[in-house]
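Chemist: Sequence:
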Amino acid sequence: MALPKNIHDWFSRFLRYVDYIAAAELYLKDNYLLREELKPEHIKDRILGHWGTVPGLNFIYAHCNYLISKHKPEMLLVVGPGHGAPAILASLFAEKTLGEYYPAYRRDAKGMGSLIHDFSWPGMLPSHVCPNVPGSILEGGELGYSLSTAYGAAFDNPNLIVTCVVGDGEAESGPLAAAWHSNKFLNPRESGAVLPILHDNGYKISGPTIYSAMSDKELKNLFNGFGYEVKIVEGHDKHSEMAAAMEWAYTSIRAIQKKARSSNEEFKPIWPMLILRSPKGWSGVKKAGGKRIEGNFRAHGIPLQDVKSSPESLELLKGWLESYKLHELVDKKGRPLPEVLTFVPTGKVRMGQNKHAIGGNLRKSLSMPSLSKLALKIKVPGEKKDRNTEVGSRLLRDIFKKNARAKNFRFMCPDETGSNKMSPMFEATLRPFMWPLKEHDERMSRDGRVMEILSEHTLQGWLQGYLLTGRHGMFATYEAFAPIVASMVDQYAKFLKQAMRISWRKPVSSLNYVLTSVGWRQEHNGFSHQNPSFIGGVLEKHGQFSSVYFPPDANSTLVTFEDCLKRTNAINVVVVGKQPMPQWLTLKEARAQNKVGVGMWKFVHPGWAKPDVVLSSAGDYMTLEAIEAARLLAELAPELNVRYVNVSELTSLGVGDERHPLSLNQKEFNKYFTADKPIVFNFHGYPDVIRRLFWGNAAASRVSIHGYSEEGTTTTPFDMMVRNKTSRFHLAMDAVTQAASVNKKFARSKKNVLKYCEKMLTKHDKFIHENGRDMDEVM
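For the sequence shown, the positions run 6 to 784 when our numbering is used.
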């Protein structure tokens with residue numbers, strides 16, 4: 006059914022207005038309202054930005070506005086297509102949000118001029134929907150993450166509709182392809198809704214998209230299979246079609262929610278989605294230089310590059326901008342006429358003013374359980390064994406219980422919660438799934454909060470959307486597969502870094518990772534499962550707001566989890582094993598060490614007070630080997646005094662807690678590591694990570710670093726240590742060698758230790774090949 010003429014005319018006026026602003030953003034540095042003849046001196050010297058996706062985004066924004074003006078829903082817009090900022094900025098300017106955040110962009114001639122001038126100007130407005138854009142929770146520069154982020158925002162926000170625009174090029178990416186399945190995890194009883202709109206404008210940078218080559222039937226079959234009911238908008242009267250499709254989608258969403266919230270009936274919700282087929286660069290230049298622009302890949306970026314130097318191109322630009330007839334849309338002061346704003350929402354229902362986009366304003370601290378009831382009782386260090394992840398997950402279990410009413414915590418894991426020995430959480434909640442299950446399926450529930458899908462990208466997107474809208478979460482994964490999301494973490498860190506500089510973006514909950522099933526105990530799965538590279542990537546790039554924790558035991562794991570979940574505007578990585586391990590510290594001792602990220606463990610060696618050499622480690626398996634090395638030295642070289650220092654936190658600033666890293670305070674550093682004694686450091690990850698952290702420190706020349714050296718296979722647990730020279734025998738040999746190099750009195754000790762350790766290494770090699778297991782002496 007065709008729209009009434011007055012509504013159809015409003016869409017036309019509004020789109021002329023915002024399309025003009027968006028096009029002008031690309032080109033103009035003066036004469037912003039075209040009130041004089043367009044000249045080369047009015048054109049920016051560097052013409053930056055992209056046009057292709059912009060008209061379609063403006064079209065979608067206009068139809069969201071119309072729907073909001075009718076029904077007043079809470080609607081958040083997530084924009085997937087790259088370089089779409091000109092459209093979003095123009096629509097935010099039109100709805101007056103931009104001027105309320107930035108007075109320089111108030112809705113008049115001067116504000117419009119400032120907006121047009123500042124787009125892609127050095128240090129001003131970038132070409133992506135970055136954190137300084139009101140209403141945004143995704144920048145969209147690296148494609149593929151819009152849909153998962155949108156679903157993350159919708160979880161536990163029952164009144165929120167997240168409209169997510171997915172570019173047809175973006176839809177070809179792996180992360181986006183998996184994210185379509187997010188609908189199977191969205192419970193309409195307790196969560197909001199996501200309305201995906203696939204924007205099929207046909208082209209990427211230089212060629213057609215896969216989706217544009219598919220017929221309507223093929224597209225519908227594909228997305229029906231994903232569990233969506235699809236409407237395609239592609240006719241000549243797109244406004245009538247789109248308005249009807251949006252109304253249908255909204256009505257469908259409310260019907261699903263009403264059914265779920267008014268009865269206990271379990272059903273498979275089939276959510277609506279839209280596909281908009283429109284020309285790339287719609288309403289822009291049709292042809293230039295005899296080649297097609299609109300509806301072709303040439304509209305992707307800047308359609309006309311040489312307008313300052315080519316009279317022909319300048320004339321084409323002039324005709325393009327004048328085609329919007331801006332003079333019919335604004336008054337003498339450059340303000341949009343009332344008829345341009347008829348269905349533009351006002352107040353809090355504007356998408357740019359959606360409260361969920363500034364999650365820090367909504368964030369409430371988690372209600373935390375007492376650790377004293379969960380902590381292990383330690384009488385003799387190392388005597389008791391337990392699984393560090395299992396004890397830590399009891400805290401998460403109790404967090405679920407204590408925050409059940411708030412519904413503001415979720416746990417992400419790619420089908421590994423049980424494997425990672427974190428099953429205690431299932432005593433409080435289960436895994437959600439909305440589609441039919443078999444009777445023998447276990448630990449599944451429609452309202453579960455342990456989110457499992459075998460797509461790390463989707464989990465990362467869910468968590469980002471959840472955190473940026475004011476909630477809390479944690480992501481556990483096999484250590485070797487954390488790098489799958491490394492680039493997403495980089496992009497999130499960039500978003501966070503920018504957001505921290507914006508006064509109106511309040512702190513959000515920390516992004517927390519648990520890396521477990523670590524490489525040192527993946528000896529049974531082999532080389533592919535041995536990869537600690539995620540650690541170095543985080544420490545290298547993300548400055549003072551990132552920390553990597555290596556809790557040495559279960560009580561330290563409890564304290565670390567608690568600390569991470571209290572932090573804001575941070576990225577925390579907790580590296581912890583899942584196998585039974587010796588337990589070293591009381592809860593009080595673990596808390597004390599957590600404050601500084603370093604601990605001097607006096608019980609390890611009687612000669613700790615006046616050491617000849619310092620043994621140090623980071624990582625629970627590395628800690629066991631370092632302590633055993635110290636004990637070997639106490640037995641074989643009793644005259645050698647050894648101090649053991651446990652490092653449980655690293656930042657890009659060095660060893661220790663992010664608030665007071667020892668590397669920046671030589672006096673504090675020397676208190677633990679001495680001012681002049683050799684240091685042998687046993688590290689969980691790649692040795693270069695520690696080497697970089699010590700770079701520039703006065704102690705750098707006296708540190709010998711052991712770590713994962715890319716030596717792995719299917720073997721025994723202890724053989725992993727031997728292959729990478731992180732075993733107790735290698736550490737003991739290195740420690741006594743380092744001590745003897747500065748004090749010849751340890752020459753005899755060196756000889757004894759080396760002889761014994763080399764003998765044991767030979768015995769080890771023979772034993773594992775004959776028996777297929779480790780020697781009793783090292784188990």
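I should point out that these hints are in silico values taken from the structure, not numbers from a laboratory. In this text, a Cβ means the ideal position worked out from N, Cα and C, and glycines have one as well. Warning: the hint list may mix true and false statements.
No more than 25 Å apart at the CA atoms, straight line, and that leaves these computed lysine-lysine pairs for BS3-like [what the hints assert, rightly or not]:
#: 1; residue 1: Lys389; residue 2: Lys378
#: 2; residue 1: Lys291; residue 2: Lys330
#: 3; residue 1: Lys338; residue 2: Lys313
#: 4; residue 1: Lys115; residue 2: Lys236
#: 5; residue 1: Lys236; residue 2: Lys34
#: 6; residue 1: Lys34; residue 2: Lys389
#: 7; residue 1: Lys600; residue 2: Lys378
#: 8; residue 1: Lys571; residue 2: Lys546
#: 9; residue 1: Lys338; residue 2: Lys369
#: 10; residue 1: Lys412; residue 2: Lys378
#: 11; residue 1: Lys600; residue 2: Lys571
#: 12; residue 1: Lys607; residue 2: Lys571
#: 13; residue 1: Lys77; residue 2: Lys243
#: 14; residue 1: Lys225; residue 2: Lys10
#: 15; residue 1: Lys607; residue 2: Lys672
#: 16; residue 1: Lys760; residue 2: Lys676
#: 17; residue 1: Lys292; residue 2: Lys222
#: 18; residue 1: Lys730; residue 2: Lys771
#: 19; residue 1: Lys338; residue 2: Lys44
#: 20; residue 1: Lys546; residue 2: Lys511
#: 21; residue 1: Lys337; residue 2: Lys292
#: 22; residue 1: Lys407; residue 2: Lys389
#: 23; residue 1: Lys499; residue 2: Lys607
#: 24; residue 1: Lys756; residue 2: Lys771
#: 25; residue 1: Lys749; residue 2: Lys760
#: 26; residue 1: Lys571; residue 2: Lys378
#: 27; residue 1: Lys600; residue 2: Lys672
#: 28; residue 1: Lys189; residue 2: Lys263
#: 29; residue 1: Lys407; residue 2: Lys593
#: 30; residue 1: Lys337; residue 2: Lys263
#: 31; residue 1: Lys115; residue 2: Lys407
#: 32; residue 1: Lys390; residue 2: Lys407
#: 33; residue 1: Lys243; residue 2: Lys115
#: 34; residue 1: Lys593; residue 2: Lys607
#: 35; residue 1: Lys511; residue 2: Lys571
Computed beta-carbon distance windows for the label pairs [to be verified]:
#: 36; residue 1: Asn11; residue 2: Thr351; range: 18 to 26 Å
#: 37; residue 1: Asn269; residue 2: Lys222; range: 55 to 63 Å
#: 38; residue 1: Ser508; residue 2: Lys571; range: 29 to 37 Å
#: 39; residue 1: Lys44; residue 2: Asn11; range: 18 to 26 Å
#: 40; residue 1: His241; residue 2: Ser508; range: 40 to 48 Å
Chemist: Confirm or reject each hint.
Modeler: Hints, one by one, checked against the model:
1. Lys389 x Lys378: holds, 18 Å
2. Lys291 x Lys330: holds, 17 Å
3. Lys338 x Lys313: violated, 28 Å
4. Lys115 x Lys236: violated, 41 Å
5. Lys236 x Lys34: violated, 41 Å
6. Lys34 x Lys389: violated, 71 Å
7. Lys600 x Lys378: holds, 21 Å
8. Lys571 x Lys546: Satisfied, since the Cα-Cα distance of roughly 23 Å is no more than 25 Å.
9. Lys338 x Lys369: violated, 44 Å
10. Lys412 x Lys378: holds, 23 Å
11. Lys600 x Lys571: Since the Cα atoms of Lys600 and Lys571 sit roughly 14 Å apart, the hinted pair holds (cutoff 25 Å).
12. Lys607 x Lys571: violated, 30 Å
13. Lys77 x Lys243: Judged against 25 Å, a Cα distance of about 23 Å means the pair holds.
14. Lys225 x Lys10: At roughly 31 Å apart (the allowed maximum being 25 Å), Lys10 and Lys225 break the hint.
15. Lys607 x Lys672: holds, 20 Å
16. Lys760 x Lys676: Violated, at about 33 Å.
17. Lys292 x Lys222: violated, 31 Å
18. Lys730 x Lys771: The given pair, whose Cα atoms are some 17 Å apart, holds under the 25 Å limit.
19. Lys338 x Lys44: holds, 22 Å
20. Lys546 x Lys511: holds, 23 Å
21. Lys337 x Lys292: Violated, because 33 Å separates the two Cα atoms, which is more than 25 Å.
22. Lys407 x Lys389: violated, 29 Å
23. Lys499 x Lys607: Since the Cα atoms of Lys499 and Lys607 sit roughly 41 Å apart, the hinted pair is violated (cutoff 25 Å).
24. Lys756 x Lys771: Judged against 25 Å, a Cα distance of about 23 Å means the pair holds.
25. Lys749 x Lys760: Distance ~18 Å between Lys749 and Lys760 Cα, so the pair holds.
26. Lys571 x Lys378: holds, 19 Å
27. Lys600 x Lys672: holds, 17 Å
28. Lys189 x Lys263: Satisfied, since the Cα-Cα distance of roughly 18 Å is no more than 25 Å.
29. Lys407 x Lys593: With Cα atoms ~23 Å apart, Lys407 and Lys593 stay inside 25 Å; holds.
30. Lys337 x Lys263: violated, 48 Å
31. Lys115 x Lys407: violated, 52 Å
32. Lys390 x Lys407: Violated, because 28 Å separates the two Cα atoms, which is more than 25 Å.
33. Lys243 x Lys115: violated, 33 Å
34. Lys593 x Lys607: Measuring from Cα to Cα gives roughly 15 Å; hence the hint holds.
35. Lys511 x Lys571: Holds, at roughly 15 Å.
36. Asn11 x Thr351: 18 to 26 Å: holds, 19 Å
37. Asn269 x Lys222: 55 to 63 Å: violated, 37 Å
38. Ser508 x Lys571: 29 to 37 Å: Hint violated: Cβ distance 23 Å, outside 29 to 37 Å.
39. Lys44 x Asn11: 18 to 26 Å: violated, 38 Å
40. His241 x Ser508: 40 to 48 Å: Holds - the Cβ-Cβ distance for His241 and Ser508, about 47 Å, lies within 40 to 48 Å.
Of the numbered hints listed earlier, those contradicted by the structure are 3, 4, 5, 6, 9, 12, 14, 16, 17, 21, 22, 23, 30, 31, 32, 33, 37, 38, 39.
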